[in-house]
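Student: Below are the chains, spelled out letter by letter.
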Amino acid sequence: MGSRASSLLREEDIEEIKRETGFSHSQITRLYSRFHSLDKGENGALSREDFQRIPELAINPLGDRIINAFFPEGEDQVNFRGFMRTLAHFRPVEDNEKNKNLTSGEPLNSRANKLLFAFRLYDLDRDDKISRDELLQVLRMMVGVNISDEQLGSIADRTIQEADTNGDMCISFSEFTKVLEKVDVEQKMSIRFLH
Amino acid sequence: MPRRKNDVAVTIDDVGMDIDAEYDSGSDVDSKRRAKGRNKPKPAARGRKAKPADSAEESEEEEEEAPRKRKGRKKKEESEEESEEEQRGRRKKAAGSKKKAVAKDDSEEESEAVKGNKRRGGKKGATKKEKEEENNKEKKGNGKAAGKGGKDKQDDKKNKGKNSSSSSSDDNSEDESMSEGEMARLKEEVEEKKKLIATLRNKPWRMKRRLKCLKEAQGFVERFEGALGKGKGRRLYAFKVMMTKKLIKFNRDFENFKTACIPWESRIKEVESHFGSSVASYFIFLRWMYGLNLVLFGFMFGLVVIPEVLMGMPYGSIARKTVPREEQESAMDFSVLFEFGGYCKYSIMFYGYYNNQRSIGLLQFRLPLSYLLVGVGIFGYSLMVVIRTMAKNANEGGDGAEEGAFTFCWKLFTSWDYLIGNPETADNKFASTTTSFKESIVDEQENLKDENIHLRRFLRILANLLILCCLGGSGYLIYYVVKRSQEFAKKDRNELSWLQKNEVEIVMSLLGLVCPPLFEVIAELEDYHPRIALKWQLGRIFALFLGNLYTFLFALFDEVNTKLENEKEIRNETIWALKEYYANYTLYHNVTENIPPPNISPADVIRGPCWETEVGIEFVKLTVSDIQVTYLTILIGDFLRAVIVRFLNYCWCWDLEAGFPSYGEFDISGNVLGLIFNQGMIWMGAFYAPGLVGINVLRLLSSMYYQCWAVMACNVPHERVFKASRSNNFYMGLLLLVLFLSLMPVIYSIMTLPPSFDCGPFSGKDKMFDVITETIEKDLPPFMTDIFGYASNPGLIISAVLLMVLAIYYLNAVSKAYQNANMDLKRKMQMQRDEEKNRRNNKDSTNQVMKDLEDLMPNKSLIPPPSAEETEKPADLLSKSPKVTSKPGAAATGKGVHVQKDVSLAAANPRAPVTRPPGPRPPGPLPGNARGPPPGPQGKGRGRGGPPPRR
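Sequences listed follow chains A and B, in order. Numbered according to our numbering, the first sequence spans residues 216 to 410. Numbered according to our numbering, the second sequence spans residues 452 to 1402.
Just so you know, the hints here were simulated from the structure itself, not pulled from any lab data. A few of these clues could be false.
[Said to hold, decoys possible] Cut-off 25 angstroms, straight-line C-alpha distance, at most; resulting in silico cross-link-like pairs (BS3-like, lysine-lysine):
| id | chain 1 | residue 1 | chain 2 | residue 2 |
| --- | --- | --- | --- | --- |
| 1 | A | K397 | B | K862 |
| 2 | B | K1019 | B | K934 |
| 3 | B | K720 | A | K403 |
| 4 | A | K403 | B | K862 |
| 5 | A | K403 | B | K1019 |
| 6 | B | K942 | B | K1019 |
| 7 | A | K403 | B | K696 |
| 8 | B | K720 | B | K862 |
| 9 | A | K397 | B | K1277 |
[As the list claims (entries may be wrong)] Residues from chain B that keep clear of chain A, each with C-beta distances beyond 12 angstroms, as calculated:
| id | residue |
| --- | --- |
| 10 | C664 |
| 11 | A689 |
| 12 | E716 |
| 13 | R718 |
| 14 | L863 |
| 15 | T865 |
| 16 | I892 |
| 17 | H905 |
| 18 | D978 |
| 19 | P1232 |
Every residue gets a Cβ at the ideal spot worked out from N, C-alpha and C, and that includes glycine.
The shape of chain A in the complex, shown without the other chains:
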């Protein structure tokens, strides 16, 4: 499977990606064929519209945020390398992980990076803090107009109260980590990629 697609990928690229993301060779070729089929413009890069076509993302209230996560700041195209870099966050954590990526720092699928990915979904302005306004926006995406603004506000306040430890009325990444410390992020933010 994916022989056609893999022919378009150069071996060096694969090696590079392999080192960067930890995907296996066949996973990469498979994902490349997937990438290729998503790429309706046939220009080797995905646009936001390409992602919107995925039904899971289309109906997800936070879909836009997820799609955004694929794009580096200020760009609206993502190539295969970038695509894989984002997907690598969802690679299951393995026990022999630490052996290999030590040279390149923390692997992309570590707990911290997974959490950071989730954190970024809520951190709309990328200032490494989730403010009340950002929470409100996310809440609106999630519940729509079914709850009054006042109540949404109180939910946001309450959420910040729960999580905020240093009193700046924002949720920083460390506070975010603390909130989710009991959540089995390694497992929940993992996808079993096919080989």
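Keeping the supplied structure of chain A fixed, place chain B upon it in accordance with the hints.
Tutor: Just chain B, lined up with the frame of chain A:
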């Protein structure tokens, strides 16, 4: 939910409704990666000839599909093997087993600790996935441990890294070389294991661990030797793997199938997502009730009705199975049939139709006995089922309030299920997220409520007084109406108007309609949390209905008594007539023996009133009118109202939807109680009208669809959606009460009232239960009769009762003791966990050798006896935790950290109000610390998940 191929080229195995998608832990990913990583330092073709590509491919496949089951173990092996690899890096085997043992020890301990802790902290409810999850966790733990434990591995690894970069060109020559390496590595592993088995004796471990290791190693060798071997062994292995794979798939499909088989599951889920768990709890209750009734229906029809139909005498053969002459013209009139007179009365539906023949048909089926046993058995079965369900619910426990500190955070950050790809499901999830937010808001508001206690108390007392008045009034009204109806009953039926005939039913239905809303209005005064308010409301309406029910019953008994007197006369008359007939017969024919019975058509026979059938008719009538009222209420009160509000809104002076009539809300309490009392009617009436169970099954079935539709179509969610308590034991408790209450009159009538002399299966007996004594005497061997005779001796019975009372007392005491012990353990666990966490945070440099030594010591607990203040602190914090949380004073000392931990984890009341933001805290575990074990719920429980620390 159906599994579907995700569009991002991923497959996810289990898609839960919430965010509990589990990834099918990556053993396959693993093996591959391992292969890739590991075979780098080694020469690829080591010790093994290159195989044809396809076979290599195949073996790799096998490797990949290796069953989940062995995952857990395999992980362990890996970690061990990892440490061994490290050794290999040190130029193989020479450098002592000492080091190895240490490293291994460490990693394994770590993993164990992780496992134990996770299990203890196991808050995830996905029970069926537990095993799998555990494996994953274990794996992770191992990973971490390995990463941490082998610090000295680093340089080694660097070497490897270099190696790999240099040799990368040759080793990425596609899959075959990889699988080749895989095979080689696997073989090596097996060798290692074998060696381990051989040298295990020399290891400085405790016996338990040695045994464990040995078992694991043996299992491993056994499993993988086959894979490595050639020819037959290999094929066998492949076959095994395939079968396990198939089995797993089958199990999964079966699980899905089972879920799909739960009736109305999706319907209820839909309702739940829009209306909250409280409304859904009614439907779940309804479904449960339907199941119960199906079983009762099975008993009744299988053992009583069907035999009578098939083997009993046909209609018209004897008097009790024939419509009497004077009623025959009107027997088919709708008005008569509608009141269950005419042909209905003399049909299989009612008690009177059944014959008192001792046994019927070819099979010698003892119908009267069966009738009695089924009548009593229905109660027995229901009691058993209700109590069992209650016990099960109690085990699950919890009153619905979420524990944990970060309710809102978790809701906000984790509520969406990212795997939903179906728009409808997305809609539902959307609604349910909203609903759950609303539920939490209500809970929260309740906590924040600032109250004036005296006013509140006064209002509550007032409300209760008012409600008591209402109840008394309605009770009297019913009594009065019943009295009146008895008077009417003495008059001729045709003189009475429709109103007079149905007065009782009308009054009872009206009361049922008027009182509950009235109570609700009064309950506004009390201002309880909706969940508690619902219980009160239920209790009150229950009292109302109960009053109704019992007045109704007493009236019925009055009627029965008059009927009984009436019957006595008729009986005498019949006997008199019979005697006269015989006398005349002897007179005319001059025969004294073999006199043929009087030749009268069964329709003309003089017959008694047959009070049992009358009672049965009353119950059936009540049930049917109840159905009518319920359905009409829904149709008018909900549907019509919704239609009017919706469409008249275009041309109305005020906003109908937001203003006065608005849409209806689903009335949980009314519906639940309606269901419960209906069931009470069924239980009571089933003995006198076997057909009633069938009617009820139809009713429940139709009402499931009807009400689901009505709720979704014309109701709006409650203003304050609240979370139902997880166990609907309150409903069950009410049901149990009703069951008990309805059991009494039936048992009373069976034991004391004389059955009618000319109708029903017990005619001719003094008491109904005589059937049993008769059976015992005639059908059982005499010694059994003796035994029963002794058993019914009052002395024996009294002592048996005494014994049971004692047993109850004892069990009660024991359960209390367990409860206490439970609470105690829980508290201890909490404290221990906090302590451990704290300790780890403070003391990073954990000495591995020390640990190892400690593992060998008999007392495995590493925890030092806690200092006095440390133990005291949490205890008194527990009582006033919410306040302490917001105390900004806790400074950045180690002590401060400890206090924080205690509060956040052991908060006595998790729903405590947060009135102001908590003050600055010392930073917890540093994020830069991520290399070390995360600050999560994994502690260093050395006790192997065993007993709490001694203190």
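Student: Now look at each hint and say whether the structure bears it out.
Tutor: Here's how the hints hold up against the structure:
| no. | hint | verdict |
| --- | --- | --- |
| 1 | A:K397 <-> B:K862 | 14 angstroms, holds |
| 2 | B:K1019 <-> B:K934 | 23 angstroms, holds |
| 3 | B:K720 <-> A:K403 | 23 angstroms, holds |
| 4 | A:K403 <-> B:K862 | 15 angstroms, holds |
| 5 | A:K403 <-> B:K1019 | 77 angstroms, violated |
| 6 | B:K942 <-> B:K1019 | 20 angstroms, holds |
| 7 | A:K403 <-> B:K696 | 24 angstroms, holds |
| 8 | B:K720 <-> B:K862 | 19 angstroms, holds |
| 9 | A:K397 <-> B:K1277 | 18 angstroms, holds |
| 10 | C664 | 18 angstroms, holds |
| 11 | A689 | 18 angstroms, holds |
| 12 | E716 | 22 angstroms, holds |
| 13 | R718 | 22 angstroms, holds |
| 14 | L863 | 5 angstroms, violated |
| 15 | T865 | 7 angstroms, violated |
| 16 | I892 | 6 angstroms, violated |
| 17 | H905 | 29 angstroms, holds |
| 18 | D978 | 19 angstroms, holds |
| 19 | P1232 | 65 angstroms, holds |
Hints 5, 14, 15 and 16 from the earlier list are contradicted by this structure; the remaining hints agree with it.
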